[in-house]
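Each chain, letter by letter, is given below.
Protein chains: 2
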Amino acid sequence: MPDNSSIYQDIFKVRAYEVDVSNHLSVVSLANYLQEVAGAHAAALGIGMFDLKAQGLTWVLMRLKLNIIRQPMHLEELTVQTYPTGFEKIYVYRDFQVLDAEGQLVAFATSTWLVIDIEKRSMVRVPDFILSIPLLNDREFYAPAKNKIPKITQADFQKKFRVRWHDLDINRHTNNAYYFQWVLESLYPQFLESKQLQEIDLVFRVESVLGDEVESHQQMLSTDFFVHSLRRPSDGKELAQATTLWINKTGWKN
Amino acid sequence: MPDNSSIYQDIFKVRAYEVDVSNHLSVVSLANYLQEVAGAHAAALGIGMFDLKAQGLTWVLMRLKLNIIRQPMHLEELTVQTYPTGFEKIYVYRDFQVLDAEGQLVAFATSTWLVIDIEKRSMVRVPDFILSIPLLNDREFYAPAKNKIPKITQADFQKKFRVRWHDLDINRHTNNAYYFQWVLESLYPQFLESKQLQEIDLVFRVESVLGDEVESHQQMLSTDFFVHSLRRPSDGKELAQATTLWINKTGWKN
Chain Z
188 MPDNSSIYQD IFKVRAYEVD VSNHLSVVSL ANYLQEVAGA HAAALGIGMF DLKAQGLTWV
248 LMRLKLNIIR QPMHLEELTV QTYPTGFEKI YVYRDFQVLD AEGQLVAFAT STWLVIDIEK
308 RSMVRVPDFI LSIPLLNDRE FYAPAKNKIP KITQADFQKK FRVRWHDLDI NRHTNNAYYF
368 QWVLESLYPQ FLESKQLQEI DLVFRVESVL GDEVESHQQM LSTDFFVHSL RRPSDGKELA
428 QATTLWINKT GWKN
Chain G
188 MPDNSSIYQD IFKVRAYEVD VSNHLSVVSL ANYLQEVAGA HAAALGIGMF DLKAQGLTWV
248 LMRLKLNIIR QPMHLEELTV QTYPTGFEKI YVYRDFQVLD AEGQLVAFAT STWLVIDIEK
308 RSMVRVPDFI LSIPLLNDRE FYAPAKNKIP KITQADFQKK FRVRWHDLDI NRHTNNAYYF
368 QWVLESLYPQ FLESKQLQEI DLVFRVESVL GDEVESHQQM LSTDFFVHSL RRPSDGKELA
428 QATTLWINKT GWKN
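These protein sequence lines are chains Z and G, in that order. Quick note: the first sequence uses the numbering used here, first residue 188, plus one each step. Quick note: the second sequence uses the numbering used here, first residue 188, plus one each step.
Derived by calculation from the structure, the hints in this document are not laboratory data. Fair warning: there could be bad hints in the mix.
Unchecked claim - Restraint ranges, calculated between C-beta atoms of paired labels, are given here:
1) 425(Z) <-> 308(G): 21 to 29 Å
2) 422(G) <-> 377(Z): 20 to 28 Å
3) 237(Z) <-> 349(G): 31 to 39 Å
4) 378(Z) <-> 308(G): 52 to 60 Å
5) 409(Z) <-> 237(G): 36 to 44 Å
6) 349(G) <-> 242(Z): 38 to 46 Å
7) 321(G) <-> 380(Z): 33 to 41 Å
8) 321(G) <-> 421(Z): 52 to 60 Å
9) 200(G) <-> 291(Z): 23 to 31 Å
10) 342(G) <-> 323(Z): 54 to 62 Å
11) 273(Z) <-> 327(G): 53 to 61 Å
Stated by the list, open to error - With a straight-line Cα cutoff of 25 Å, these simulated SDA-like cross-link-like pairs (lysine to any residue) come out:
12) 240(G) <-> 381(Z)
13) 436(G) <-> 290(G)
14) 200(G) <-> 286(Z)
15) 382(Z) <-> 359(Z)
16) 307(Z) <-> 236(Z)
17) 307(G) <-> 205(Z)
18) 335(G) <-> 308(G)
19) 200(G) <-> 260(Z)
20) 200(Z) <-> 347(Z)
21) 200(G) <-> 235(Z)
22) 307(Z) <-> 245(Z)
23) 276(G) <-> 262(G)
24) 240(G) <-> 205(Z)
25) 200(Z) <-> 248(G)
26) 347(Z) <-> 242(G)
27) 436(Z) <-> 210(Z)
28) 436(Z) <-> 396(G)
From the three backbone atoms N, C-alpha and C, an ideal C-beta is built for every residue, glycine too.
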């Protein structure tokens with residue numbers, strides 16, 4: 188029997204291979220934590236990847252907007268909570284909260300998911316068995332991200348990546364978290380060292396597969412605000428768009 | 188007070204972002220698990236990275252030989268145990284055992300560590316405060332790997348990688364696990380799909396840093412046995428050598 192509860196949580200103790208050079212949990216690892224609890228919750232509700240697959244359907248993460256209040260350190264024990272917050276036409280919304288050992292909120296996120304028909308590669312209306320899952324009603328929701336991400340008019344910096352065998356998930360697509368990594372790697376190391384990410388808003392457009400070459404472009408819109416684009420030169424497709432907002436490390440508690 | 192016990196263990200539940208396309212724990216993630224418990228045990232014994240740093244010293248992993256009996260699947264709960272097994276001149280040996288939920292051994296490893304003087308970048312004799320840690324006496328040890336890794340005489344395949352900001356550990360060197368990834372990525376995807384790694388023996392020679400280009404060479408010595416070399420073209424240095432031994436997936440329980 189699937190567990191019916193509208194909220195799911197798991198504990199993550201930050202490991203040495205999940206931190207950056209400053210010994211703080213990397214944004215990529217944090218994105219992986221969120222994905223892990225989202226998948227586990229969906230499975231517990233009977234709407235997991237395997238449940239959908241049995242009906243020729245699958246989940247696609249369309250957008251994730253992540254806000255970081257404090258970047259936790261190595262060995263900190265985090266409680267990562269997630270809960271579906273609503274439906275709208277073809278969209279399913281799911282929020283996340285990350286709490287530290289003292290129960291303080293260190294990060295939160297809102298995400299938008301689609302259901303697609305695997306064979307037709309097209310979006311479908313949210314099926315009834317998904318619409319019937321319990322939603323959380325006793326918590327303030329984060330507004331789902333709906334604004335358009337601006338287009339890059341002139342790229343300031345660009346880096347190239349090639350999708351590795353180790354980057355693939357069981358669907359043989361690049362694990363979403365690498366999109367976060369490629370976006371962030373487009374910034375100069377000196378910038379990554381001196382600033383801390385406050386918000387990343389990432390729109391996933393096209394999946395990538397083994398061997399794909401991906402270009403990560405970015406343009407600075409203001410001192411601490413960037414727009415990003417991941418592109419695949421082989422077919423000119425834009426794989427993802429993102430914005431990132433940064434603050435100085437000195438303004439942080441840790 | 189440091190914990191004195193000669194054996195240390197932690198539980199790892201295999202996460203979705205730690206598996207390969209076949210939903211089994213990747214070798215890279217497994218190497219990260221080993222590193223995590225080794226670091227935690229050293230810290231508990233008062234000989235952790237920070238303890239050594241206070242004396243101008245640091246740990247360097249010189250060799251890791253990993254044997255895989257069965258590759259665990261997503262969501263399996265693994266107990267990873269580690270214990271120091273002995274000293275020899277400048278070497279410190281540490282073994283690992285990975286057990287599944289039924290207590291069955293799924294992987295084991297032996298590792299060789301050096302202590303180096305950070306300033307002089309040179310090896311030192313194992314200091315007394317490390318020699319005084321308790322060793323495990325009630326368990327059969329794996330023989331430390333000491334044989335020479337053969338040189339590549341003719342490279343069959345080669346891939347290039349560039350060290351990313353996200354590949355760095357807090358010492359600003361590439362996390363050891365990426366050496367495993369680069370070695371394995373040098374094999375054809377079709378090979379990685381149809382075979383399962385039985386043994387990898389990796390000798391770390393030179394650290395790499397942000398922006399380094401690394402070439403991963405391999406040569407097939409027999410059907411299922413390869414020799415590998417990671418090289419940095421900028422200075423011609425060999426960063427690591429390895430051998431890998433593979434068996435057909437059909438011969439596996441899972």
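Going down the list of hints, with the structure as the test:
1. 425(Z) <-> 308(G): 21 to 29 Å: This hint is violated: roughly 45 Å between Cβ atoms.
2. 422(G) <-> 377(Z): 20 to 28 Å: Once the Cβ atoms are compared, 24 Å apart, the range 20 to 28 Å for residue 377(Z) and residue 422(G) holds.
3. 237(Z) <-> 349(G): 31 to 39 Å: holds, 36 Å
4. 378(Z) <-> 308(G): 52 to 60 Å: violated, 29 Å
5. 409(Z) <-> 237(G): 36 to 44 Å: 39 Å Cβ-Cβ, so the 36 to 44 Å window holds.
6. 349(G) <-> 242(Z): 38 to 46 Å: holds, 42 Å
7. 321(G) <-> 380(Z): 33 to 41 Å: The hinted range 33 to 41 Å holds for residue 321(G) and residue 380(Z), with Cβ atoms some 40 Å apart.
8. 321(G) <-> 421(Z): 52 to 60 Å: holds, 57 Å
9. 200(G) <-> 291(Z): 23 to 31 Å: holds, 25 Å
10. 342(G) <-> 323(Z): 54 to 62 Å: holds, 56 Å
11. 273(Z) <-> 327(G): 53 to 61 Å: holds, 57 Å
12. 240(G) <-> 381(Z): Between residue 240(G) and residue 381(Z) the Cα gap is close to 24 Å, so the pair holds against 25 Å.
13. 436(G) <-> 290(G): holds, 23 Å
14. 200(G) <-> 286(Z): holds, 20 Å
15. 382(Z) <-> 359(Z): violated, 34 Å
16. 307(Z) <-> 236(Z): Holds: residue 307(Z) and residue 236(Z) sit about 17 Å apart, inside 25 Å.
17. 307(G) <-> 205(Z): Not satisfied, since the Cα-Cα distance of roughly 29 Å exceeds 25 Å.
18. 335(G) <-> 308(G): holds, 23 Å
19. 200(G) <-> 260(Z): holds, 21 Å
20. 200(Z) <-> 347(Z): Given pair residue 200(Z), residue 347(Z) is violated - Cα atoms ~32 Å apart, limit 25 Å.
21. 200(G) <-> 235(Z): Since the Cα atoms of residue 200(G) and residue 235(Z) sit roughly 18 Å apart, the hinted pair holds (cutoff 25 Å).
22. 307(Z) <-> 245(Z): holds, 11 Å
23. 276(G) <-> 262(G): It is violated: about 41 Å lies between the C-alpha atoms, which goes past 25 Å.
24. 240(G) <-> 205(Z): Cα-Cα ~21 Å, so holds.
25. 200(Z) <-> 248(G): Given that 25 Å is the threshold and the Cα spacing comes to 24 Å, the pair holds.
26. 347(Z) <-> 242(G): Given that 25 Å is the threshold and the Cα spacing comes to 41 Å, the pair is violated.
27. 436(Z) <-> 210(Z): holds, 13 Å
28. 436(Z) <-> 396(G): holds, 23 Å
Checked against the numbered hints above, the structure breaks hints 1, 4, 15, 17, 20, 23, 26 and satisfies the rest.
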